[in-house]
Every structure is written in structure tokens, then in C-alpha cells.
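*Asks:* In case you want the letters, here they are:
There are 2 protein chains.
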Amino acid sequence: MSVTLKDIARKVGYSVTTVSRALNDYDDVSEETKQLIKRVAQEMGYHPHVIAQSLQRRRTNTVGFIVPATERYLSDPYFLELLAGIGDGAASCDFDLLVSTCKPMCPKERVVYERMVQGRRVDGIVVARTRCDDERIAYLVSEGFPLIAFGRIASELDFPYLDVDGEEGVCKAVKYLIGLGHQRIGFIAPSTYLMFAEHRLAGYKLALQGNSLELDPALVIEGNLTQAGGHQRMGQLLDLEEPPTAVVTGNDLMAFGAMEAAQERGLVVGRDIAVIGFDDVPLAAHFRPTLTTIRQPIYDIGKKLSQILIEIIKGEEPAERQIILRPELVVRESSGVR
Amino acid sequence: MSVTLKDIARKVGYSVTTVSRALNDYDDVSEETKQLIKRVAQEMGYHPHVIAQSLQRRRTNTVGFIVPATERYLSDPYFLELLAGIGDGAASCDFDLLVSTCKPMCPKERVVYERMVQGRRVDGIVVARTRCDDERIAYLVSEGFPLIAFGRIASELDFPYLDVDGEEGVCKAVKYLIGLGHQRIGFIAPSTYLMFAEHRLAGYKLALQGNSLELDPALVIEGNLTQAGGHQRMGQLLDLEEPPTAVVTGNDLMAFGAMEAAQERGLVVGRDIAVIGFDDVPLAAHFRPTLTTIRQPIYDIGKKLSQILIEIIKGEEPAERQIILRPELVVRESSGVR
DNA sequence: CTGTTAGCGCGTTCAA
DNA sequence: TTGAACGCGCTAACAG
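As you go down the protein sequences, you meet chains P and B in turn.
Just so you know, the first sequence maps onto residues 98 to 435 in the working numbering.
Just so you know, the second sequence maps onto residues 98 to 435 in the working numbering.
In case anyone wonders, no lab produced these hints; they're calculated from the structure.
Where hints are given, some of them may not hold.
Same chains, same label: a pair holds when it works inside one copy or across any pair of copies.
[Stated by the list, open to error] Calculated lysine to any residue pairs in the SDA-like style (CA-CA distance at most 25 Å, straight line):
1) 131 <-> 211
2) 401 <-> 199
3) 411 <-> 100
4) 269 <-> 149
5) 135 <-> 118
6) 401 <-> 209
7) 103 <-> 149
8) 200 <-> 251
9) 103 <-> 156
10) 411 <-> 146
11) 205 <-> 363
12) 269 <-> 203
13) 103 <-> 303
14) 401 <-> 158
Could you put the whole structure together from the sequences, leaning on the hints where they help?
*Replies:* Dropping the structure here:
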């Protein structure tokens, strides 16, 4: 078995308490004994038992994240970036990361969250892909459990979050397309139960209004954030009497699918039709044609999320409790030449 | 604060011990008191304190996984599938999943593993992307710490693993290309420090030999598993005096990059040059052209990995300790017409 | 400066 | 059928 404080205590002839204090650098231990104890601990290969520490300190030094995995083989690569960011941010504060997966809106989602919260497995939770009416956040807030959300929600509930301004992002994209001369611009929206769907749609409308273009309801269509979904929806748009000459999608994955659908109909994306995505996942720059998209710095967001969450856990009131980042339009081939 | 056994005991007038036994369905508690205690526990919203249970049971019911994240914005989507599989497999056994990330071969990798092992944060670890000489596995084995690897290693060390037969996979792919009439087939290999690089290269050689084709060293070139890498290496191959007419790559990401490079030179992939990848990540079916590739059922592999690991943790000798799966060639557009 | 005592929440002897 | 006592490994309050 592994070496404990007791083993060290026996070896050096001091009490367990003194050993503990020496190793934690308390200043009420003589320098000599401190040195001795540290040396022996090192020699014996001592490592604190994190679980025991957690029990005693009433703190697990762990944050939780439940990946809203949509479907087995259709998960958004975006979550890997986010996860890596959250994990690295936590690690930078000496916190660990506990991960589960659960299909969004699945009935057992509640159980997954309860498991983490009630079992006190973690000190706080990162909630991603917020919903307009988000029962996960409602639950955590009602439990007084530390959380931070990536995204806002529809109600006035007060909780810490970080979000990217999807309205501004899509607005920028649509304006850019209008500037290119497009008049009929389609929008393949994210599933409407997601909060960011509302923001992004608002950005779409705003840009049209700002240019006195009328909104044609036939051009706005709800997608499901997958390639297959984007593919199918693009088909619908192209089948219209008057198809759009440009399309903005709710995320990059749908943009990939949409470009595929356009190409299957013999259209050259970037020439016959313009496509703009949202996220800037790593592949966006490598897809063919390369994808013009609205960039969210996902890794950095993940990192920031866990760092703020940990501040909250530690009781340090964070400088900014509610942050909105401004996205950036990354112009590549799919939107056509300037 | 949250309710403990003590709270319940006080309420029902029984000792903590009895409450504990009742809730754990010991059969030396009268049916009535059991019912009573369970009801009250339910009413009070009792949930066991997992950390305390861990300390007592000397088992965390948690498995660890360190994502070998290559570079911030270049991580392989493949790991998300694997992660989801591992997480779901663990959850199916009531285990949690603790995740860290670390650049492979990074000096601090050892520290990340030690943190999990020595701190007894987890009961076992899943090691992915095995290396020919894998110090992570050597470490875990030397510590007698439960592990399972996704992949084999070069030495004779005995440990449980699950692997996909990369040799057979690549061999199949190359033979398929030869059947299509290709004589000069390039191979963009994975980094040679990875064990599967060796297997896949062996498969390449085997297929050539089997068809009495000579191996031209200029056609075999080491890549780094990223799109950018695949792109650059494909450039090199195409710059040869006698460029290949077909190329197999060590993973799908490199295949994407390679196709990009070919297209930039005006080649039509699937007509002027054939490309075959390895993995079958979700995007492979949606890239343009769709990618012919050697399929590994990554999600299922992840699930199986954690389930076997947990069997080992529980001391149940698993039915199969070392498993080799046979991969399947998925033919799509990038390899050309039949 | 150091040791004793106590307790985090739980499960498991052992004795009644 | 039940409870008291103990310990998992650690830290903290209080003496000395």
C-alpha cells in the first residue's frame, strides 16, 4: 500500500500532526524538523491522499462538465476544444475535471447533474450550450451550487456566465454578404430551444433591417447543428422558387453539410452561392472550400470558464461575473470574392 | 448543508450504523425499519457523500483518462468520440471519469499521471495512443496500478490492451488500391514514436510484397497526424520526379490535408489521385470528396476500454485481457471509381 | 515548537 | 435485530 502521514510519523518519531504541518509549511514547526520530515517524506515517496484531503477540507478541488453529446457519431469537434480549455484552466488552479456525457434534454440529464451535485463529487459545474429555459441552471441556482454557464438564458435569473455575442456575429456576417451584393440571404438556424439560436437569429434580422431588406420567412429554417441537418436544410432552401444566393448557418458543422448539398447540385460554393458558418472549428480552415465563419475562441473560453468558476468556488468574487465577448468574422473562400 | 446519515439517524431514532445498513440493504435489518429509514432518507433528500464513501471503501469509483492533446487548435476529433465512449462505458458501471490533458511526450506528462495515481484520485487509467516505448505504461505497470491501453507497445511487457489491427487495415487499403491498378502508392506515416505507426507501415509493406511491388523509400514519409502535416507531406510526394498515383495516410486528419494539397495543384482527388485515410472520423463521410478510410469503431472502443478496466479494478479477471479488433475498409469517393 | 483530541461521513467489525 | 467503537487519511483547535 501507499505511504501515509502515519508511516512518516512512525519513521521520524514525530506525531502525525507535526508531520502534516511540516509538509504544509506551517511556520510553527522548527526549520530542522521541517527539513527532516520533508526529506523523509520524499524518500518514502509520500503523496497526500487527495480523497482524504477532500473529506477534511470539504472541497474536492474538482469541477464538473457534462458534455451535451448530441449523437454518437455526430458530436461537434467544438466540444473537444472546450473540454481541453476547461481542463487546462482547471489544472492551472490545481483543480481536476470530472466529465460525463448526456444527450441534451434527455430525461436522465437531471440525474447526471444530481449525481455530481448531491454526491458532492465536484465543487462547481460548467454548463454549456444554454437553453432558453434551462432547467440545469435553474437546478444549480436553486441548490446554491457554484456554476458558470457558457451562454445566457431567457429569464432574468442572476448567475455567472460567459457568452459570445451571437447577435453581433451573425449581424456582421449578413452585413458582409449584403455588402457583397446579396439580397436573398438564407439562415439555417440552430434548434430554437437553444438560447444562442435566438441571439443569432436576432443578428440576422437586425442586419436585414439595417439595410431595409425584407425578411422572407421561407429563407429562415431551423437546423439541428449537424452536418446531415445542414445538408438537408440547404436542400430545402435550394428547392425554393427563388433560392437564396447566400446562406448563414448556426454553426460550422451545418455549414459543411450545406456546402456539400450545394455542390451536389452543381453549384460552386464561393461563386454560385456564398456560405458562412459559426464557430471556426479547426476544420473550417481546411474544408474545401475553406469556410468563412464567425470565430469564437473556444479553447480560451473553456479556460476562462473554469478559472472564473474556481474563483467563485474559492469565494473570491470574480472581477467580471457576466462576460460577453465580441466575435470576429473570419473571411475565407466560401463567402466568395470581395 | 446537505443531509448525512447522522441527520437521518437523529430523525428516526436509530443509530447511524443501522441507517447505513438499512440504506445498503443489509439483510440483518428488519423489513419495517428498513422501509421507514428509506422513506425518511428519501423525504430528507439524502444522497451519500461519495467522497466519504471513497475514503472508507478505498475505492473512488472513478477512472482517469489523459487526453493526448496535440496542439490547441489541432486536436483530433477522434478523441471526443473516444472520450464519450470511455465516459459512457464508465457510467454504465456507475463509475465517473476524470479527465486531464497533456501534450504527448511532454516532460510534465509524468507529473500528470503521478497526480492521478499517487493521489489515488482514480482506481484505474485508460492510456491512449500507445508509444513504441511507452513510459506511461511502464510507470503504471511498475506501480501495479490498474490500466488498460488502447494500442500495443514494442516490448514484451504484459498488460491489458485493446487494439485495432492497423497492419491488416492498411494492408487491405493498399491491396485495394493495387487492385484498382495503382503501382506507385505513397504512405504518409504517423509519427514513428507511436506504436501504431509501426503496424500501419508493416501493413503497407506487406501489401506491396504480396503483389511483388518494390518499396520506393521516397514514397514513405513521416507525418504528424495533423491536417497541416498531411498537407505539407502530400506536397512533398507530389513534387517527386515520379509522384504517386495513390496515397494512404496514417489518419483521417492527414488525409484531409493531403486532399487539400492535391486539389491546390489542380488534381481531382478520386480521379487524378486516390487518397485513403485511417479512423473514419465523423467528418470523413462529409468531406469533399468523401474519404475512403479504414474504420475503427472509436466510440465502442472507448466504451469497451472502460468496461474492461473496471472489471480489472473490481478484481474480476476479464474474459479477454488483450483484444485485437479487425478494421474495415470503408470505400467512398476519394479512392476513385471501382 | 510539539502532541492530544476531535471530527469530516461513511462502512464494518464485534458484542449485546 | 440493533448499537458502540473503530478506522479510512487528513487537518484543525486547543493545550502544553
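*Asks:* Look at each hint and say if it fits the structure.
*Replies:* Hints and how they fare:
no.	hint	in the structure
1	131 <-> 211	between (43 Å within a copy, 24 Å between copies)
2	401 <-> 199	both (23 Å within a copy, 18 Å between copies)
3	411 <-> 100	between (29 Å within a copy, 22 Å between copies)
4	269 <-> 149	neither (52 Å within a copy, 52 Å between copies)
5	135 <-> 118	within (11 Å within a copy, 41 Å between copies)
6	401 <-> 209	both (24 Å within a copy, 21 Å between copies)
7	103 <-> 149	both (13 Å within a copy, 20 Å between copies)
8	200 <-> 251	within (21 Å within a copy, 39 Å between copies)
9	103 <-> 156	both (22 Å within a copy, 20 Å between copies)
10	411 <-> 146	both (21 Å within a copy, 20 Å between copies)
11	205 <-> 363	neither (44 Å within a copy, 51 Å between copies)
12	269 <-> 203	neither (34 Å within a copy, 40 Å between copies)
13	103 <-> 303	neither (67 Å within a copy, 58 Å between copies)
14	401 <-> 158	within (17 Å within a copy, 29 Å between copies)
Hint compliance for this structure: hints 4, 11, 12, 13 are not met, and every other hint is.
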